[in-house]
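**Student:** So the chains spell out like this:
Number of protein chains: 2
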Amino acid sequence: MIIDDLVKQKGAWLAMDRDTGVVISTRIRLARNIRGARFPGWMDKEDTIKVCSRIKEAFAKVKVLHEQVYVDMGSVDAMEKEVLKERHLISYELAGKGIGSGLILAENEHTAIMINEEDHIRMQTISPGMELESVWKKINAIDTESEKYLDYEFSTGLGYLTSCPSNVGTGMRASVMLHLVGLKLTNDIDKVIKGLNSLGLAVRGMLGEGTDAFGNMFQISNQSTLGETEEEIIEKLVRMISSVVAHELNARDRLMEKNRMLVLDHIGRANGILANARLLTSREAIDLLSILRLGIYYGLVKNISVPLINETILLTQPGHLQKINGKILSSEERDELRSEVVRRKLKEESR
Amino acid sequence: MIIDDLVKQKGAWLAMDRDTGVVISTRIRLARNIRGARFPGWMDKEDTIKVCSRIKEAFAKVKVLHEQVYVDMGSVDAMEKEVLKERHLISYELAGKGIGSGLILAENEHTAIMINEEDHIRMQTISPGMELESVWKKINAIDTESEKYLDYEFSTGLGYLTSCPSNVGTGMRASVMLHLVGLKLTNDIDKVIKGLNSLGLAVRGMLGEGTDAFGNMFQISNQSTLGETEEEIIEKLVRMISSVVAHELNARDRLMEKNRMLVLDHIGRANGILANARLLTSREAIDLLSILRLGIYYGLVKNISVPLINETILLTQPGHLQKINGKILSSEERDELRSEVVRRKLKEESR
Numbered sequence: 001m002i003i004d005d006l007v008k009q010k011g012a013w014l015a016m017d018r019d020t021g022v023v024i025s026t027r028i029r030l031a032r033n034i035r036g037a038r039f040p041g042w043m044d045k046e047d048t049i050k051v052c053s054r055i056k057e058a059f060a061k062v063k064v065l066h067e068q069v070y071v072d073m074g075s076v077d078a079m080e081k082e083v084l085k086e087r088h089l090i091s092y093e094l095a096g097k098g099i100g101s102g103l104i105l106a107e108n109e110h111t112a113i114m115i116n117e118e119d120h121i122r123m124q125t126i127s128p129g130m131e132l133e134s135v136w137k138k139i140n141a142i143d144t145e146s147e148k149y150l151d152y153e154f155s156t157g158l159g160y161l162t163s164c165p166s167n168v169g170t171g172m173r174a175s176v177m178l179h180l181v182g183l184k185l186t187n188d189i190d191k192v193i194k195g196l197n198s199l200g201l202a203v204r205g206m207l208g209e210g211t212d213a214f215g216n217m218f219q220i221s222n223q224s225t226l227g228e229t230e231e232e233i234i235e236k237l238v239r240m241i242s243s244v245v246a247h248e249l250n251a252r253d254r255l256m257e258k259n260r261m262l263v264l265d266h267i268g269r270a271n272g273i274l275a276n277a278r279l280l281t282s283r284e285a286i287d288l289l290s291i292l293r294l295g296i297y298y299g300l301v302k303n304i305s306v307p308l309i310n311e312t313i314l315l316t317q318p319g320h321l322q323k324i325n326g327k328i329l330s331s332e333e334r335d336e337l338r339s340e341v342v343r344r345k346l347k348e349e350s351r
Numbered sequence: 001m002i003i004d005d006l007v008k009q010k011g012a013w014l015a016m017d018r019d020t021g022v023v024i025s026t027r028i029r030l031a032r033n034i035r036g037a038r039f040p041g042w043m044d045k046e047d048t049i050k051v052c053s054r055i056k057e058a059f060a061k062v063k064v065l066h067e068q069v070y071v072d073m074g075s076v077d078a079m080e081k082e083v084l085k086e087r088h089l090i091s092y093e094l095a096g097k098g099i100g101s102g103l104i105l106a107e108n109e110h111t112a113i114m115i116n117e118e119d120h121i122r123m124q125t126i127s128p129g130m131e132l133e134s135v136w137k138k139i140n141a142i143d144t145e146s147e148k149y150l151d152y153e154f155s156t157g158l159g160y161l162t163s164c165p166s167n168v169g170t171g172m173r174a175s176v177m178l179h180l181v182g183l184k185l186t187n188d189i190d191k192v193i194k195g196l197n198s199l200g201l202a203v204r205g206m207l208g209e210g211t212d213a214f215g216n217m218f219q220i221s222n223q224s225t226l227g228e229t230e231e232e233i234i235e236k237l238v239r240m241i242s243s244v245v246a247h248e249l250n251a252r253d254r255l256m257e258k259n260r261m262l263v264l265d266h267i268g269r270a271n272g273i274l275a276n277a278r279l280l281t282s283r284e285a286i287d288l289l290s291i292l293r294l295g296i297y298y299g300l301v302k303n304i305s306v307p308l309i310n311e312t313i314l315l316t317q318p319g320h321l322q323k324i325n326g327k328i329l330s331s332e333e334r335d336e337l338r339s340e341v342v343r344r345k346l347k348e349e350s351r
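Chains as they are written, first to last, in our numbering: chain A, 1 to 351; chain B, 1 to 351.
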């Protein structure tokens, strides 16, 4: 039921597009574990269910978290889990779990709290645009208030304790999703990624760890959680991201100066294919919509907005396509339906 | 001057499209050599020029050849030679020659007589559609009348003698250009080509020997010139081509039945890209126009005619593009101009 409503919404993180159109969204997640309870990987079913209830009840009291909705992982089917994953609300790992794991959604998807994923609690706040400071403020308030009702595993020497050593300390992963199509087209993207890696930042594809950079969307996040405060990590990230954005804008300018025809060709083709194809894979749809997004930046694509593109990308993911259509579809049926949705969406707006 | 006029014409062989749209054109060429003169590869410059004049003057008297125009290979530049090659009026080999070689054009490009190519005379008659019998009748009349004024090398045991043994006998190569896009899309084309080869027929790409099958256009011709009369060769070819056409039509029907969406997708994309790309290579333009041609066959592409597609293919070849534009263009400039010409042509007609 909740998922039925969800698929009709746009998703908070794509409702708007701030600034230059380079930064798509900001997300911060904190990993926490209940003191005295075994970590999820070591608990038996009974304890898992108990811990899950306890966390759910504790967060229900957190006043800064408005409009809470609870989703039990035991009560959603595979297609609904796909929808949640595609909306960046749950991880692949949580999708693999059932009863005893759950998800608290709050404030129109801005905040999502996974219960009994790798840690007892993985809370995230997401926001469109470059919003590291405000998102940090928000999630910090949620975390602080939750500590009134829950006692978290914490070591004075190390900080928060987590299942995986890579999260010990702040338990924080702050990430920003960027549309780096300019750097991709100038072939500078690998250099930039290498540079970011050497500065201790991780760069991933749109769908998180291990995924490819569909549509030239890249997630940049902090690697380390130890030895720095949250504020230091965020300050550093803000600086780095600003520099990446500057590089991206520079690449876009250079492209237009030196390869104007190539840019016009890419954008023209993307437009032509999206408006006329009858079969579109998810990958191709995202890649072409990403090029249209660049067209909007240059003022070449009119009557189509960035939020519409974001929305179309979301609605044409396999889970959303199937959930909206109310049935399981073969890969070819999805490709056909996807092309229909894309044509309808793009036409809708240009009217 | 002549070439300046030529590029403005559509070219006889593409003026229309008969029957099913599978057969594009029919061409027959005869190789002849003047008795007593050395073959072109063995003549010195002086003799070459003499033989060339003699042939030119002899053909000027041939009454069945209307509207003759003579082009001296020494007086045309590289760009103009490209234009002649692209119109299938001269071969790569003749394009490499200069003074002492020439071309007689007659009847609005229907007939072209190359002088001092590999043989002293290579005469061809070309016609749109499947016209083997009528083209044979036509070229046979030209050949017969020319024998009033020229004495050809002929051996009673072998037939006409030619520079290359593969042409000895009839000196005839009869070929039909087919649009085999259906067989290509059903992946049956290789099987068909193998079958034709085993029956003694040669299958080549659009631009003749050694060329790739741009736009799914295939030339099918007789391999052998020895031991059979011209009529026997043509009768056999008519039978074989009819069978290939039947296979092609069958493949098109099957495609539409079993892979309707794939067909619609191909045609939609071709349309979308041709109407929106800003850079088009010659290869891509031909391939996409070939798909539109299939769209016309299915009745899916309206307001665009097959002759327009043929004309657009011709006008966007590198030589034509440059000749019409009056200057040498870089490969990228050509790709840009080509996309412009394609957009204009397709829009023109759909109005």
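Wrong hints could be hidden among the right ones.
Which copy? The list can't say, so a pair holds if one copy fits it or any two copies do.
In silico DSSO-like links for lysine-lysine, alpha-carbon gap of 27 Å or less [to be verified]:
no.: 1; residue 1: K302; residue 2: K347
no.: 2; residue 1: K258; residue 2: K327
no.: 3; residue 1: K236; residue 2: K194
no.: 4; residue 1: K345; residue 2: K302
None of these hints come from the bench; they were simulated from the model. Remember, predicted model here, so these are calculated numbers, not experimental data.
**Student:** Up to 27 Å between alpha-carbons, please classify K258 paired with K327: within, between, both or neither.
**Tutor:** Between copies only: 23 Å across chains, 48 Å inside a chain, cut-off 27 Å.
**Student:** Should K236 paired with K194 be assigned to within, between, both, or neither, using CA atoms and 27 Å as the limit?
**Tutor:** Within. Shortest intra-copy distance 17 Å satisfies the 27 Å Cα cut-off; inter-copy 65 Å does not.
**Student:** Which holds for K302 with K347 at a C-alpha limit of 27 Å: within a copy, between copies, both or neither?
**Tutor:** both (12 Å within a copy, 21 Å between copies)
**Student:** State whether the alpha carbon distance between K345 and K302 is at most 27 Å within one copy, between copies, both, or neither.
**Tutor:** both (14 Å within a copy, 25 Å between copies)
Hint violations for this structure: none, all hints satisfied.
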